[in-house]
Each structure stands twice: as structure tokens, then as C-alpha cells.
Amino acid sequence: MNPLSTQVVNLFAAALLLIAFAMLSQRRIVTLINLFALQGLSLVGSTATVAWATGQHHLYYSAGITLALKVLLLPWILHRLIRRLNVKWDVETLINIPTMMIVGIVLVIFAFNLALPISEFSRSVARGTLGIALACVLMSFLMMITRSKAVPQVIGFLSMENGLFFAATSATYGMPMVVELGIALDVLVGMVILGVFLFQIREQFDSLDIHHLEKLRDD
Amino acid sequence: MNVEGILAQLGALVAALVLAPLLAGWVNMWRAWLQNRTAPPLTQPFRALHKLFWKESVMAHSASPLYRAAPYAVFSCMLLACMIVPTISTNLPLAPAADAIALVGLFALARLFMSLAAMDVGTAFGTLGARREMLVGFLAEPAFLMVVFTASLISSSTSLATIVGSLAHREPTILPSLAFAGVAFTMVSLAENARVPVDNPATHLELTMIHEAMLLEYSGRHLALMEWAAALKLFAYSCAGLALFFPWGIAEANDRVALALALPMLVAKLAAGGVLLAVIETVLAKMRIFRVPEFLATAFLLGVLALLVRILLGA
Numbered sequence: 001m002n003p004l005s006t007q008v009v010n011l012f013a014a015a016l017l018l019i020a021f022a023m024l025s026q027r028r029i030v031t032l033i034n035l036f037a038l039q040g041l042s043l044v045g046s047t048a049t050v051a052w053a054t055g056q057h058h059l060y061y062s063a064g065i066t067l068a069l070k071v072l073l074l075p076w077i078l079h080r081l082i083r084r085l086n087v088k089w090d091v092e093t094l095i096n097i098p099t100m101m102i103v104g105i106v107l108v109i110f111a112f113n114l115a116l117p118i119s120e121f122s123r124s125v126a127r128g129t130l131g132i133a134l135a136c137v138l139m140s141f142l143m144m145i146t147r148s149k150a151v152p153q154v155i156g157f158l159s160m161e162n163g164l165f166f167a168a169t170s171a172t173y174g175m176p177m178v179v180e181l182g183i184a185l186d187v188l189v190g191m192v193i194l195g196v197f198l199f200q201i202r203e204q205f206d207s208l209d210i211h212h213l214e215k216l217r218d219d
Numbered sequence: 220m221n222v223e224g225i226l227a228q229l230g231a232l233v234a235a236l237v238l239a240p241l242l243a244g245w246v247n248m249w250r251a252w253l254q255n256r257t258a259p260p261l262t263q264p265f266r267a268l269h270k271l272f273w274k275e276s277v278m279a280h281s282a283s284p285l286y287r288a289a290p291y292a293v294f295s296c297m298l299l300a301c302m303i304v305p306t307i308s309t310n311l312p313l314a315p316a317a318d319a320i321a322l323v324g325l326f327a328l329a330r331l332f333m334s335l336a337a338m339d340v341g342t343a344f345g346t347l348g349a350r351r352e353m354l355v356g357f358l359a360e361p362a363f364l365m366v367v368f369t370a371s372l373i374s375s376s377t378s379l380a381t382i383v384g385s386l387a388h389r390e391p392t393i394l395p396s397l398a399f400a401g402v403a404f405t406m407v408s409l410a411e412n413a414r415v416p417v418d419n420p421a422t423h424l425e426l427t428m429i430h431e432a433m434l435l436e437y438s439g440r441h442l443a444l445m446e447w448a449a450a451l452k453l454f455a456y457s458c459a460g461l462a463l464f465f466p467w468g469i470a471e472a473n474d475r476v477a478l479a480l481a482l483p484m485l486v487a488k489l490a491a492g493g494v495l496l497a498v499i500e501t502v503l504a505k506m507r508i509f510r511v512p513e514f515l516a517t518a519f520l521l522g523v524l525a526l527l528v529r530i531l532l533g534a
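Those protein sequence lines, which keep their order, are chains A and B.
The working numbering applies: residue 1 is where the first sequence begins, and numbers increase by one.
The working numbering applies: residue 220 is where the second sequence begins, and numbers increase by one.
The set of hints was computed from the structure by calculation and includes no laboratory data.
Keep in mind it's a predicted model, so treat the numbers as computed, not measured.
Even glycine gets a Cβ: it sits at the ideal position worked out from N, Cα and C.
There's no promise every hint is true.
Some but not every residue of chain B turned toward chain A, in silico, with C-beta under 8 Å [unchecked claim]: (1) Thr392; (2) Ile393; (3) Thr517; (4) Leu520; (5) Leu524; (6) Leu526; (7) Val528; (8) Leu531.
For reference, chain A alone in the conformation it holds in the complex (with noise of 0.2 Å):
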């Protein structure tokens, strides 16, 4: 284990967070689409890396997947959903972003602590990283909790998913190639279905705010 390789690991850790914290605060869905892609980007250095430093094959076939699908493809298929929505420019405006903030550094402090005793069983080159990836889990779902806009949430659950592969790969060098396969596909499904639930949502209701599917209708 060299140590250069452990501190690529934690910069592409570090950028991961911070992409994490720049997703919870943008309101522009282009924007955060792209940060997105840029987050998955830096998934694939990481898994990369580690794959370089420890001679663990699948962890490259992973990495690719990942470059192909998150990086490429879902993004791809996201443009072009907020293109035939015709919300590209749509602004959220009900979020506090200050506020946003402090309650994400108190979910990373709470991460951090978390994981400190779960990686110290981990032998892994970036144990260090599981407290991060735990922390970009728990972003996402606070920014899937607070966006009332539906693309957003879809954004941010596809994000979890990146944050829940980092920690996968930072503790325990990977899945399985056949789990890591079958999750890929999975959230491709999921994306594929979510488009189609999108349109659907904006025939009933004429917008992509989520809080009209609180009401209950009799019609």
C-alpha cells in the first residue's frame, strides 16, 4: 500500500464531499445535473485508484461501468428529460441554503463519528473515506428530503446510489462483479421508470412539484 495512493484516494474522497455539499445548495437543475456527472467522475478516479494500488481487477470493470453509466448515460438521459419537460432553467427557490449548510456539516460530524469505529476493522487503503461516503449518503437524502421539485429528488437519489457504491469500494474494495452488475441496472431501470412517472406527474398536475401528490383526489 503506498501512501501516495491513499491520498489520491482521500482528494478524490474530498472532492466527492464537496460535490456532495454543492449539490445540497444549487438551485439550478442543469447545474446540478452536471454536478452530478463531475460527482460520478470523481467516483471513477477513486475506484480507479484503488483498483491501481491493490491489483484488484474488478474494481477497473467497475470502474468503467460507472464511467459509462454515470458519468455518460445518465446524464445524458437527464439532459434530455429536463430539455422535453422544458424545465432546464427552473429555478428552486424555497430552500435555505445557509441553513442547508450548517445542518450538512452536522450530518458529516455525525458520519464521521459514526464510521470511526466501523473502518477501524477495515484493513482497506481508504478506510479513512467510509466516514465521507457515509456523509454523502445522508447529503443526499436531506436533499431528497428538502427539494419539493421532482427532477431534483431523482438527482438526488441517483446521487445516494454514488455514495453508497464510494463506501462499498472504500472499505471492502468492491461488491461482487454480479451485485455491482445488478445495481447498475438497477438504477438505470429506475431512471428509465422515474422518466416515464415524471411525465405522468406533469400530465395530472401541471407542474413537477411533488407536494400536489400529497392531496388526496376522489376524481
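Take the given structure of chain A and dock chain B to it, following the hints.
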């Protein structure tokens, strides 16, 4: 205290006084070039200072002695700040007197004087500018302190000279915490130096101005001192940033060769930083004043993240 120390201190003083207006002129030149305008010469700030020093200083009838004293107080605060920050040498006799936290305090003192003087005459613009300056200042200060604390954690000292020494000699490791702190510091220094996303230094005609609104009543030598102090503040911030994040090339104790090399090194680093500042100011648009708290909250967040990453990840 020895001869080298005093020489280095005097050198830092002269370098600050000369380089600060040149840095301002350099940034203005690059801004003009990037915006397809004909650039003013590099020495334009000196010409402006020269012109202002020979002009009569006009005072409002309602001005109090505080108003008269403020330019001198602000100027000396900034000059002292420039002498604490290691620019060409870490062997500064004045450096043990004040650490990085005292540096933040010095900037706060200058801001206090400026705001009081702006409110002193009682014009609407002055009061408006002072209030906005205070808004920016109270949000920028904690973020700046977080950046300083991160660097202090890494080098386990709050003295700027020690920080520079230990950061320059550490093993080549990648520190994400320093990267976060660097971005936070850039945001804070943009806000504190009245640069574009927060304030526009080039205009006197907008209702959105902050720094210029406070100087509106000043004229003659007082205005010259205020302008020079603003240039010194930019210089001090740039040098603090260079000292924290690019500490290579600053001379250590009693090393005359390094001291001779330090000045060209500093000029080169400042030139690169000035170009970067001009690029930032050209590509960004000025934001609404109510977005400024968000901007600075982001800087604070990055500072806290840097601190957390340093403590919990050890990186």
C-alpha cells in the same frame, strides 16, 4: 533581533508600499485586456496617488476629528498587516508580536474605523456603504478564521512565520484540507477586498457599491491614503494567501541568498495571482447583495470542512 531581521523587515515595508499599487495596476491592466479595452499603464495607481496627494482635501462641515483621523488609522493598520505577513522573509522582528488571529483583528480594526468614518458625515451613501461593509465583514471573518485554524492545525502554531516555515518544509503530500481552505480563502479575500462577485471596484455610480460608497466623501490626501490602504489590503491578503498555500521561496532566517531570491519569487507569484484575480473578475457577474450571505456561508462551510477533514481524515 539582528541586522538581517531589521533589513528583512525594512525590505518587506518598502516592498509592500511599492508593490501594492503596482499589484492593483496589474490587476486593472489584465481586466482591461480581458475585456477588450485599452489598458491603463501599470503605474496608473501611482499617478492617481500623486495627483490626489497634491490636491486640496475638502471636509464636510459636520465632520468630526474621527473622520479626519480615520484615513491615517486605516492606512497604518494595513501597513502593519503587510509587515506581519511574511512576504519575502520569515525572519521578521515584528512577526512574534502578532499571530494570524491578531492579523484578522487588525483588518477588523481598519474596517471599524472605515465604517465609523463613513457614517460620521451623515450622508445616506456613507451609512449604506458602512452597513454593507459590516454585513460582509462579520460573515467573512469567521470564514477567514477557519482557514487560519486549518493551517494552524497542520503546522500546530498560529504564528504566520512558523506556519510558512513548517508548510514549506513538509513532505510532498496531497492535503485536501488545504485545498478546501484555499478555495474558502479565495472567496473571503474576494469579499473583503471589494472584488467582483461581491462589490465592483471599478464603479462609483451604482447603488450596489460597498467600498466606494464609504469613500465618497473623502478627497485629496485622505482619499489617497484610503486608496493606498485598499491596495495594501489587497497586497496583504494576496501575501497571506501565498504564505499559507504557496509558501515556497520565502527566505528563512539569516539566509541572504534566499532573501535576494525571495523578491523576484514574490513578484512572480503576485503576478500570477493578479492574472487569476482578473480572470475571476471577468468571468463572474456581480451578485445581488442578498446573495452575499450565501456566498460567504459557502466560504465558511468550506473552511469548516477543511478543519473537519484535517481532524478526522488526517489529510
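- Query: So which of the earlier hints does this model not fit?
  - Reply: Going through the list in order, the structure violates hint 6 alone and respects the others.
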